[in-house]
Amino acid sequence: MKYLTFAAGVLTATSAFAETPVLTVYTYDSFVSDWGPGPAIESAFEETCNCDLQFVGAGDGAALLARIKLEGARSDADVVLGLDTNLTAAAKETGLFESHSVTADYTLPIEWTDSTFVPFDWGYFAFVHNADVIVPTNFKALADSDTKIVIQDPRSSTPGLGLLMWVKAAYGDEAASIWEGLADNVVTVTPGWSEAYGLFLEGEADMVLSYTTSPAYHLIAEEDASKASVKFDEGHYLQIEVAAKLAASDQPELADKFLNFMVSEAFQTIIPTTNWMYPAVTPATGLPKGFETLMVPAKALMIPADEANTVRDAALIEWQNALSK
Amino acid sequence: MAERIVQITVGKISPRLGISAAVLIAVLILSALVAVVSRADGDFALGPSDWSAVRFTIWQAFLSAFFSTILAIPVARALARRRFWGRGFLVTLLGAPFILPVIVAVLGLLAIFGRAGFLNDILAFFGFAKVSIYGLHGVVLAHVFFNLPLATRLLLQGWQTVPAEQFRLVAQLGLRPSMVFRLIEWRLIVRILPGAFALVFVICLTSFAVALTLGGGPRATTIELAIYQAFRFDFDLGRAAVLSILQLGVAGSAAGLALWFIPSVSFGGGLDRMQRRWDVRTVWSVVLDSTFIVLALGFLILPLLAILLSGLGGLADVPLAIWGTAWTSFWVAMLSVGALLCAALPMAGWIATSKRAGVEAVGLLGLAASPLMIGTGWFILIHPFANPADWALAVTILVNALMALPFALRILVPTLRETAQTYGRLSGALGLSGVALWRCVLLPRACPQIGFAAGLTAALSIGDLGVIALFADPDRATLPLQMYRLMGSYRTDAAAGAALILLVLAFGLFWVMDYWGRRNVIAE
Chain A
1 MKYLTFAAGV
11 LTATSAFAET
21 PVLTVYTYDS
31 FVSDWGPGPA
41 IESAFEETCN
51 CDLQFVGAGD
61 GAALLARIKL
71 EGARSDADVV
81 LGLDTNLTAA
91 AKETGLFESH
101 SVTADYTLPI
111 EWTDSTFVPF
121 DWGYFAFVHN
131 ADVIVPTNFK
141 ALADSDTKIV
151 IQDPRSSTPG
161 LGLLMWVKAA
171 YGDEAASIWE
181 GLADNVVTVT
191 PGWSEAYGLF
201 LEGEADMVLS
211 YTTSPAYHLI
221 AEEDASKASV
231 KFDEGHYLQI
241 EVAAKLAASD
251 QPELADKFLN
261 FMVSEAFQTI
271 IPTTNWMYPA
281 VTPATGLPKG
291 FETLMVPAKA
301 LMIPADEANT
311 VRDAALIEWQ
321 NALSK
Chain B
1001 MAERIVQITV
1011 GKISPRLGIS
1021 AAVLIAVLIL
1031 SALVAVVSRA
1041 DGDFALGPSD
1051 WSAVRFTIWQ
1061 AFLSAFFSTI
1071 LAIPVARALA
1081 RRRFWGRGFL
1091 VTLLGAPFIL
1101 PVIVAVLGLL
1111 AIFGRAGFLN
1121 DILAFFGFAK
1131 VSIYGLHGVV
1141 LAHVFFNLPL
1151 ATRLLLQGWQ
1161 TVPAEQFRLV
1171 AQLGLRPSMV
1181 FRLIEWRLIV
1191 RILPGAFALV
1201 FVICLTSFAV
1211 ALTLGGGPRA
1221 TTIELAIYQA
1231 FRFDFDLGRA
1241 AVLSILQLGV
1251 AGSAAGLALW
1261 FIPSVSFGGG
1271 LDRMQRRWDV
1281 RTVWSVVLDS
1291 TFIVLALGFL
1301 ILPLLAILLS
1311 GLGGLADVPL
1321 AIWGTAWTSF
1331 WVAMLSVGAL
1341 LCAALPMAGW
1351 IATSKRAGVE
1361 AVGLLGLAAS
1371 PLMIGTGWFI
1381 LIHPFANPAD
1391 WALAVTILVN
1401 ALMALPFALR
1411 ILVPTLRETA
1421 QTYGRLSGAL
1431 GLSGVALWRC
1441 VLLPRACPQI
1451 GFAAGLTAAL
1461 SIGDLGVIAL
1471 FADPDRATLP
1481 LQMYRLMGSY
1491 RTDAAAGAAL
1501 ILLVLAFGLF
1511 WVMDYWGRRN
1521 VIAE
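If you read the protein sequences in the order shown, they are chains A and B. Here the first sequence is numbered in our numbering, starting from 1 and rising by one per residue. Here the second sequence is numbered in our numbering, starting from 1001 and rising by one per residue.
Misleading hints may appear alongside valid ones.
[Said to hold, decoys possible] Which stretches of chain A does chain B cover? Using the computed rule of at least three CB atoms under 8 Å from a CB of chain B, they are:
hint, stretch
1, 26-36
2, 129-135
3, 180-192
4, 198-206
5, 249-263
6, 281-295
What the hints contain is simulated information worked out from the structure, not anything from laboratory work. All C-beta atoms in this analysis are idealised placements derived from N, C-alpha and C, irrespective of residue type, glycine included.
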C-alpha cells in the first residue's frame, strides 16, 4: 500500500512537466492558505504571464530561509517571497540570491535601496488590546503596571523576534533592564503568533504582541471595532517583507516578471485585506476603508539589516536571562 | 522442564520478523540523523542555555510521568471494580484528550484553569485570590491531562488480564481489600506501571508547544524547542544533531531502566469468565471509587466541553475546503494504521517472548526522535532524487506509524506476554506455530488491544501536525495544518470549528476501532 502511494507521488511528479513554463515561488504558509493572498495573486499573475505560478508553503519566514539553505543551489524555487528585514542579511550571505532590476515608487516609512530584495508589504509591530481598556503607552510604564501581556518566543516566531529588536532599537544597552521590568507582566511566551493571539482572544492577557494592522481584520472582516493597538512613545519597530530571485532559477525572465508584477497595482491591491499588512506601493485607489482608523506610530524604528544578526544574538541572551529569573 | 517447553514454543512467534521491523525503524531514524550530520558544518557545541533546557526537560517529564501514572492507579482501580451506566463510553472517552492537537487541548484547559477560566471565576466568586496556571505546574497539569487517561487505560487492561476466578476466590475467602491489593492488584500494577511510566516520560520529553505555552517563559525551554531553534533560527545542523542524539539518549536510557523493572510474573490462565467483583461491596469502597471516577471525569470532561462549545459556535464559519482536507486526513490515518500494525504486531510478538523487556526501548526511539530532525533528515535524503512535496504524505504516514509504535507496543506486549506464558505449553503440545499460532491463539486474545492500538494510531495520525508542515504544499494539507492556517489568518472561530471536526473525526475513528476490539471480549 505504501509503495502505491510512493508510485503515485513519483508519477504526479513526472506529469508536472507540461509545455507552459512553471514559476515556483517559495513562501510562508499563511500566504498560500485559502484565506491568504496566494490564490488571488496566482490567478492575477497567470492571466498575464502565460505560465503556471506555483506557490509552495514552508512554515514561517525563518523556516523559509532554512528550507532554502537546506536545498542550496539545487532548489526548485525561482523566487522566495516572505523573508523580512531581520533575515535579509543572513539570506544574502548564502550567495544563493541574485540582484533585481525592479524600480517602484515605494510608500515605505523608510527609503528602500536594497539591490537584492524587493519589498512587497510592511507593518509595525504593536500591542493589540481591547479598545475599552486603558493600557500603558511605553515599555517603562508597561513594566511598572499590572497589565498582562502575552508574547511570542523570538527563537521560533517572527513577531517574537520583532519585539526583541524593538526593545533593543528603542533602549540599546538599557534593553536588559527593560526586560527585567517586563518579566512580571509576561503571562506566557508562546511558540508562534497564532497561539498568542488565541490566548489573547480567550481573555488570558490584556495585550498581545501583533501588528498595528491587526484591528483592521476585526473591523473589516468581522465588523468588530472592539480591538485597538496602542501607540508607544518609543516608536514602533518596522517589519518589511521582501522577495528575491534565486541565482539558480531556471526561469530568470519569468522571475523578473514576477518581481515587477509584485510591486504593481494588481498584486498590491490584494495585500491589505488578505495579508493584513500595508502594501509596499499604495494602490491608486488608496487603502481599503477601515485602514484609516488604524493607529499610526510617531516614529519607525529599525535595526539595519546588516547589523540585525549580531544584535539578535546578544539581545536573545539578555531576553533569556531576564525572563528566566 | 516446563520452562524449557515454553522457550521452544514461544520461540515460534517468529522473532525474525520482529527483529527486522526493529532494525528497519532504527535505520529510518539513524539515516535521518546521519543525513543531518552530513550537512552540518557547525562545531557541534552546546551552549549553557541548551544544558538548562536539558535539565528542565528531564525534570518536567519526570514529574508529568510520575503524576500521570500514580493518579492512574486509583482511577483504573475504581473503573475496574465498578459497573455503571455509561462506563463503556467513559472508558472510550479516556482516549480523547490524548488525540487532541496540542493547541486545542491547551485552549480547552485554559478555559477551565486559565486566568479568565472557569476555576478562577469560581474562586473570585468566593472571594479567593486568582491562581495562575503558567509555570512548571501548568506544564505538568497539561501533561497529566494528556497522559493520565492513557495510563489509566493501560492499567485497566492489566486488570482485565486477571482471571475472573481469582477475584471469585478472594471474595469467597473474605479477604480484606488490602489483602486483595497485595495479592492481586499490586502484582499487576508492577507489571504495567513501569512501562506506562516510560511511555509517558518519553511523550513529555519531546513536548514543545505545551511546555512553551504553559511554562510561562524561557525557563520552560525543552530540548525539542532547542532543536527547533537550531534548525530554524540558527540553521546550525550540528547542534541540532547533537541535541537530537541527547534526546534519544535520555529517552532510551529512561525507557530501558523503567522496562528493566518489569517483573516476569503471570496470573495463570482462567476460563475467561465475566469478571464479577463480590469482594468490593462495602459502602466505603463504593464511596472511594465514585469519588475518584467523578474527579477524573470532571478533570477530563470540562476542558473537552469547553472545546465543544467554542467549536459549535465556529462550525458555521468553517470553509467548505475543510471537508476535502478531512478526507485526506482520513485516508492518511488508515494507511498509518496499516503501516503501524505491520511493524507493531511482529515486534510485540518478539518482545513478548524475549527475556529482556528492555528491547522494547527500541520502539520508544521512534517517539523520542524529534519529528523535525526526522523530517529534515529525510528531506535531505529525498531532495536530490525527487520533489519532497510529492513524498510528503508517504513520509507523514511512516512518521505517524513510527510515533504510534511505542503506544502500540505498550498496549500489545503485556497481553501477548501473558498469552504466550499461559497458552505457550498448550500451543506447543498442539504443534501450533507461525501463522496458525497468530491466527488461533495470539490475535483472538489480543483483539481488544489491537483495536485500542489501531484506534489510537488513527486518532494520533489525524490530530498530529507532524512533518507535513515541513514538506507540505497547498494541495496536500491535513486537518491540523488547515486548522493552524485558519488560526494564523485571524479566523479563530473557524479554527475552533475545524478543531471540533478534527476532534469528532479522530474520536469517531478511535471509538469504532476500540469498540471493534472490545466487542469480542468476554472478560470485559
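So, going through the hints one by one against the coordinates:
{"no.": "1", "hint": "26-36", "result": "holds (count 7)"}
{"no.": "2", "hint": "129-135", "result": "violated (count 0)"}
{"no.": "3", "hint": "180-192", "result": "holds (count 8)"}
{"no.": "4", "hint": "198-206", "result": "holds (count 7)"}
{"no.": "5", "hint": "249-263", "result": "violated (count 0)"}
{"no.": "6", "hint": "281-295", "result": "violated (count 0)"}
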